[in-house]
Amino acid sequence: MEPLLRMESIIKAFSGVRVLHGVEFEVLPGEVMALVGENGAGKSTLMKIVAGVHQEWQGDLHFDGEQVRFPATRAAEEAGIAIIYQELNLVPGLTVAENMFLGREPTRFGGVIDYAAMNRMAREIMDSLHFDDPVTIPVSELRIGGQQLVEIGKALSLDARLLVMDEPTSALTGAEAEILFTVVRKLRSDGVSIVYISHRLDELYQIADRVTVMRDGRTVGVMNAEDISRRELISLMVGRDFEQFFVREGEPDEDVVFRVRNLTRVNEVPGRRALLDDISFEVRRGEQFGIAGLLGSGRTELLEALFGVAARDTRGRVELEGVELDLSNPRQAIEAGIALLTEDRKGNGLVLSMNVEQNLTLAALKELLHLCMISPGKERALAEEYVDRLSIDVADLGNPIESLSGGNQQKVLLAKWLATRPRVLLLDEPTRGVDVGAKHELYIYLSKLAEEGVSIIMTSSELPELLSICDRIMVLREGRVSALFDHEEATQEKILHAAAPAA
Amino acid sequence: MNGLDEQMTGTTSTARGLARRLGPFLGLIGILLAGVVLNGQTFLSLYNQLNVLGRVSIIALPAIGMTLVIISAGIDLSVGSLLSLSTVACAMLLMEREWTRATSITVPLFILFALMVGYFIGRGILIHKGHDRKRADIVGLIAGLLMAVAVGLWSSAQVAHGFSTIAVLLIIPILGLFLGAFNGVIIAKGRIQPFIVTLGMMSAAMGLAKFIAGRGGQIHPIYYQSAGYSAEGTVNIAPQSFDFLSSQVVIHFTLTRLRFGRHIYAIGGNEETARLSGVNVDRVKMMVYGICGSLSALAGVLYCASYSQGKPDAGATWELDAIAAVVIGGTSLMGGRGTVIGTMVGVLILGYLGNILNLQEVPSEVQDILKGVIIIGAVLLQEGTLLWWLRGIKRKRIS
Amino acid sequence: MNGLDEQMTGTTSTARGLARRLGPFLGLIGILLAGVVLNGQTFLSLYNQLNVLGRVSIIALPAIGMTLVIISAGIDLSVGSLLSLSTVACAMLLMEREWTRATSITVPLFILFALMVGYFIGRGILIHKGHDRKRADIVGLIAGLLMAVAVGLWSSAQVAHGFSTIAVLLIIPILGLFLGAFNGVIIAKGRIQPFIVTLGMMSAAMGLAKFIAGRGGQIHPIYYQSAGYSAEGTVNIAPQSFDFLSSQVVIHFTLTRLRFGRHIYAIGGNEETARLSGVNVDRVKMMVYGICGSLSALAGVLYCASYSQGKPDAGATWELDAIAAVVIGGTSLMGGRGTVIGTMVGVLILGYLGNILNLQEVPSEVQDILKGVIIIGAVLLQEGTLLWWLRGIKRKRIS
Amino acid sequence: AKSADEGTWVIGFSQVTVKEPWRVVFNENLRAKALEYGDAVDLIVLDADDRTENQVEHIQIFISRQVDAILISPKEASGCSRAIQEATEAGIPVIVLDRDTTWKGYAAFIGASNLVIGRAAGTYAVQQLGGAGSAEGKIYEICGALASTPAQERRDGFHEVVGQEPGVVILGGLDGDWKLDQGKAIAQDALQIHRDIDIIYAHNDPMAYGAYQAAREMGVADRIRFLGIDGLPEEGAVWVRNGILAATFLYSTPGEAGLEIAIDILEGRREITPGERITLPTATITAENVTEFLKQDDPRP
Ligand SMILES: Nc1ncnc2c1ncn2[C@@H]1O[C@H](COP(=O)(O)OP(=O)(O)OP(=O)(O)O)[C@@H](O)[C@H]1O
Ligand SMILES: Nc1ncnc2c1ncn2[C@@H]1O[C@H](COP(=O)(O)OP(=O)(O)OP(=O)(O)O)[C@@H](O)[C@H]1O
Ligand SMILES: [Mg+2]
Ligand SMILES: [Mg+2]
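Protein chains in written order, with my numbering: chain A, 1 to 503; chain B, 504 to 902; chain C, 903 to 1301; chain D, 1302 to 1602.
The following block holds chain A by itself, in its conformation from the complex (with noise of 0.2 Å):
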């Protein structure tokens, strides 16, 4: 069968730097082909090559038959590609549905958008994803997950031939991200061609047709998804082969460090349910202490909470190693030795405009002086230790920190953290978009924390991440706390049942 889409030799690079190095790739019509590879193979490269974001690169792409080379994303749209960016790409200040449009905005006598019929079609699409806000609020009043939800509306809005997902169900929850795989298995019926980006392995199975793997801007093999186990697959990627499971080994100790007493965030707009009601849990030293729930549980704003943010909605009693703390702002919090890994990494984590380094040592500077000075030689010093400790793949310290791939720019985050060497570490989403050869690594990694006596508090939207390195589980359904598992009960089936809303 001619496939729908086929790259050749495919050459990219970013002033100077080569990233990929002659990619081959194909996907047929009506086939859900998946792209896996370690953070930096140059998966999203390829897709915004194949998007039109970049136009300077060579090779031959023939879509559909013919070559093509598209000259601005407009083009790639028009001829039927439609594309999930790895990060969010919508504008706050407008509605859902102007969101979902923007650019192809239905309209009459030439100019006036056509509202009635906009919004129609935009809540069509998103019932289909079950997604239950109405389309004429504005983006910036939903969370990264619902803001991820209408990204996925707008590429189906386009009804594409070729969709390209590039990490669709990083802010998604199992449940979310089961709806959208229906939706993934009717456009393939339907015919449409999909690209599927993914880290987390389990989903491929679930709906992929291939996989093609890929490793430091190279194609290492193309295969039938049933036809390759999961050990396979992941020597594949990281081009050696390692242990896949892994088993948290090690013990908390009994003592209580960190106890958070009738924790309550009310909601800043008058009216809505409180975000977080009544919440109290006990962390114990050196225990990875895990947070589940569907999106809008409060997981964010817990962790938030938690860390001195937005305190004047908080009301609650939080002890650290038996002192209460009064976390007026998150200064105070680091201060008291609790870190924050916040989830919406470009919106709250990088500062875009300095390099590695200055992101990685900037929670950290105190740590750095000399006689009231930054020390250069203690800051790249620093810098390296962690580069080196969660093997960052960056080419140099001073490179901007949008140079990295998403993966690595996690870690710098999490080296960030790490840094200013915390007693209570929260993680939200701390493995979005990590690939699965950094998130053994990460995990490894974190016990050795937990080992050394630090306390972690992690979120995560992978059940299997949590159910195999977490001590204890707390599940939220809407800002309350529903069910509490040790490690030996906790199942899928069982945190699914408790996070779901109470029917």
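Derived by calculation from the structure, the hints in this document are not laboratory data. Being a predicted model, the structure only gives us computed values, none of them experimental. Treat the hints with care, as some may be off.
Some chain B residues close to chain D (C-beta under 7 Å, calculated; not the full set) [stated by the list, open to error]:
hint : residue
1    : 544
2    : 545
3    : 554
4    : 558
5    : 810
6    : 816
7    : 820
8    : 861
9    : 862
10   : 867
Note that beta-carbon positions come from the ideal geometry of N, C-alpha and C, so glycine has one too.
Go by the hints and put chains B, C and D with the ligands onto chain A.
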């Protein structure tokens, strides 16, 4: 940014959105009440009201244009100079009966404009009719040339006996359109911050104004008695009010209903996304700055009409007034948010403020101080920050 | 933004970073060459060079302050007015031998400042020594009061026989510090856009200047013969150059080596991230605007020294020059990037530009036009856009 | 030094700004005068764009170009003093025009006194209101940019005279920044609070004209008399002729006299007496004598 607002001010975009929407109106009501309380009848008198309207109707136009620019996350410092430039050009066109620098700069632009319009319309129609582009191009070109010739003849006919009111109303805004669009081109194609580009234009246009006004390199304002566009007495604010009301309505409609308008918001909100979504960012920017420029030029004509003079420094520092009005009107300088109605309210607030202070015979230096305080106060109020502080205090007391 | 630039201009951030870093210097070299070619000896003469330096050394100070503000993604329109205000205050302090409005506004601030300094130092030492806060507070308070009293006595002693140069150099910048810091407070706590806050301050400070200068409600500039701070002849640029060189060094050091400086960049780059990384955003902002204010005030003192006069409109429109210098110096108005050295280069470019045009006896209207063109050109050049265009054209020709 | 071979005097002139019409006429007249000398005089006119720094630089440029004499119309009294001193010490005669400087060592100062003009305006106003001693009425004053010296002197002179009339009150005094539109706005508001104003005195003609426009729109133009200052052939004079202004007071441009004296000094016809002051007379322009002040070749109606 918005995320920041939410987390940090503790008011969600809806809440502060509300404050933003209501703030200006509250401010206006406050000012009006103050006016009534302080000056009672005098303030309310139709005469006084018309005066204020007449005054603000000029600054209103650049302010409206500025609203578009600011919503697109830009800024335009050149409106003041463009206004000055066009007062000079306008006055000369109306007064002189020979071929002057004013004519030799405006008329060619006018003709060029006619050419372009003719071309695009002609071409558009044919393409719409489904003819092939080549054909359309040729026909368009012919149409354009015809229009150009017509316009050329007409405007050179004007020169002989001084330009008519309609003529200036047509020709001057086009001068502004081109200069504004030039801003847009540099900003869009050169990817340079609007602030600095328009700062450059500010200086250049001012120089141009002096140059045009100057005879033999010397400069002086041109006064003319027959205030072409203005009737006698208070009536003369009518046409102005008409101008600015109509342009307000048009722009408001553009922003709320037109694709072009929404794209301005999109660019202001997230330019990269807009671009990736296939919005023709560069063209939109060009148009936005072009519109802003032409509105400023139109304001220049009104200025000429109501003060029967053209002066190279007529609009000095007006850009700041315009921006102040826009911001007081609740449009965010971060771009992506804002309304023209808000801007009108902002303009009125500033207008009434000056009026009331004058009626109170407040000395100028005190007026300056008060103005500063009130500008800041207005924004504080409307950002909902005050409310938020109060809330915080209240909450503290509870716990 | 950056990602956008990368994707759209095809020049990676590093490349354009280079362009940004080199651009200004290339510009400066270009200007210097132009000067030599056009005016040869006259231009190179020590005399002329000293004149230019003397001139720029005043505008340089607000420009340096503006650099901090702009790196923190803010803007300060009030520098010009603050400068004017302090020329007036300075002149009055130096001239008058009685208790004037100037004294009654500056002296109390001076005392308040002394109090705060004493308090924090005293307190800081004790806490550092490990005493408990309560104790530290009390001691600090006492220290503060002592300093306040001392300063109070000293400055009121000054009044009798007019203030000494040193006294002015101490007291005036503090006036600026407070007003600037006030900007910062509103911007930080009120979460209002710097543009509008400082616009308000611009108007208020101007009014205050007129008010102070005014005797019996009547306003006029103050002149004094003994230009306290300045020696005679061209030598008088020495102290100024000293002032601005030293402040440049200090600020450069602050930005590159101090935590405070790094925090400024962080805030400019992503305020929310900075806050979540434990940066005390509000305090940093207050300090940034405070510093900018005090540098502007210091510039006012220099102005007083070199023109031996204080005038409520001395610094009118200087804010734009300062901003232009900063941007030409390669600092991005988006915040998060920039250097003081660049700003100095920017200041010199503008200074030499004016000098050369004057030497060429170019009429001012043409100067305005040229200035506008050159500002835009400089930025185009340094944004690397020109290069990029050329590249684009080249490629087109190839394919 | 005089370039003997060509036999031309190089004269440098630093004009503070040309945005104001009066300055333009100033330059026009000066240039006209220079033409009268033909090749004997080479006049360099620089415009400081309203910046003291620029003027200082102009003088420094003149010094380094070794011009024969310097004319300067300074922005304000003090800013240029040191530069002027330098020039004088460099042996170049400096003639200060229009506004005096704090350093009095210059070759000569020539200018019309704003104080005198203010007084003249005052006298005229008083006489309009019934003559000295018996004058009664209300005068509304619109000031120029209050940060500038001329505005203050035009104000002081006026108050000095009118202040002696118990029957006359002076109202207003707001800052119209020399601008027509601001003058109009101020008048619009003032005319509402004070319905019985007899005279509106503005510190320049455009503001007076603006005030007239306001009054006309209110329909009270005919019972108010408008006084302006400057009397330029294309502004005030025209308005006086058209019966818009009751009177304007000539603020004569010192350019011609300045150049004349400079040449006399250079050709040794005149001794330098440092700090010499030459005050140009003002003139009261009214409907009677307006024609002499109009530009003869003025095409306008
Ligand atoms: N704009 C850019 N400038 C410079 N280098 C870049 C840029 N974008 C990507 N790269 C480099 O290209 C390589 C591939 O990046 P890419 O984002 O495609 O990896 P990826 O497979 O998507 O990784 P991840 O799974 O973490 O998203 C990385 O080494 C990255 O550093
Ligand atoms: N089904 C949904 N439809 C639309 N928006 C949703 C939905 N579920 C969640 N959201 C958005 O998510 C926001 C809350 O998500 P938030 O991130 O705060 O909670 P969370 O538990 O941290 O989820 P996550 O961290 O996975 O986003 C809601 O305010 C809403 O905007
Ligand atoms: Mg990627
Ligand atoms: Mg979350």
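Practice task
Report holds or violated for the interface hint on residue 558 of chain B, using the least CB-CB distance to chain D and a cut-off of 7 Å.
Solution key: 6 Å, holds
Exercise for the section: Let me know if the C-beta of residue 545 of chain B comes in closer than 7 Å to any C-beta of chain D, holds or violated. Expected result: Holds, because the Cβ-Cβ distance from residue 545 of chain B to chain D comes to roughly 5 Å (cut-off 7 Å).
Problem - Given hint residue 810 of chain B near chain D, where the shortest CB pair must fall under 7 Å - result: Nearest chain D Cβ about 5 Å off; hint holds.
Practice task
Against chain D, run the beta carbon of residue 816 of chain B and see if the smallest gap drops under 7 Å.
Solution key: 5 Å, holds
Exercise for the section: Let me know if the C-beta of residue 862 of chain B comes in closer than 7 Å to any C-beta of chain D, holds or violated. Expected result: It holds, given that the least Cβ distance between residue 862 of chain B and chain D is near 5 Å, below 7 Å.
Problem - Interface hint outcome for residue 867 of chain B [beta carbon to chain D under 7 Å] - result: 4 Å, holds
Exercise for the section: Against chain D, run the beta carbon of residue 820 of chain B and see if the smallest gap drops under 7 Å. Expected result: 10 Å, violated
Problem - Given hint residue 554 of chain B near chain D, where the shortest CB pair must fall under 7 Å - result: Nearest chain D Cβ about 5 Å off; hint holds.
Handout entry: Interface hint for residue 861 of chain B, Cβ within 7 Å of any Cβ on chain D
Key = OK, holds: residue 861 of chain B within 7 Å of chain D, min 4 Å.
Exercise for the section: Could you check if residue 544 of chain B really has its C-beta closer than 7 Å to a C-beta on chain D? Expected result: 9 Å, violated
The structure fails hints 1 and 7 (numbered hints given earlier, in ascending order).
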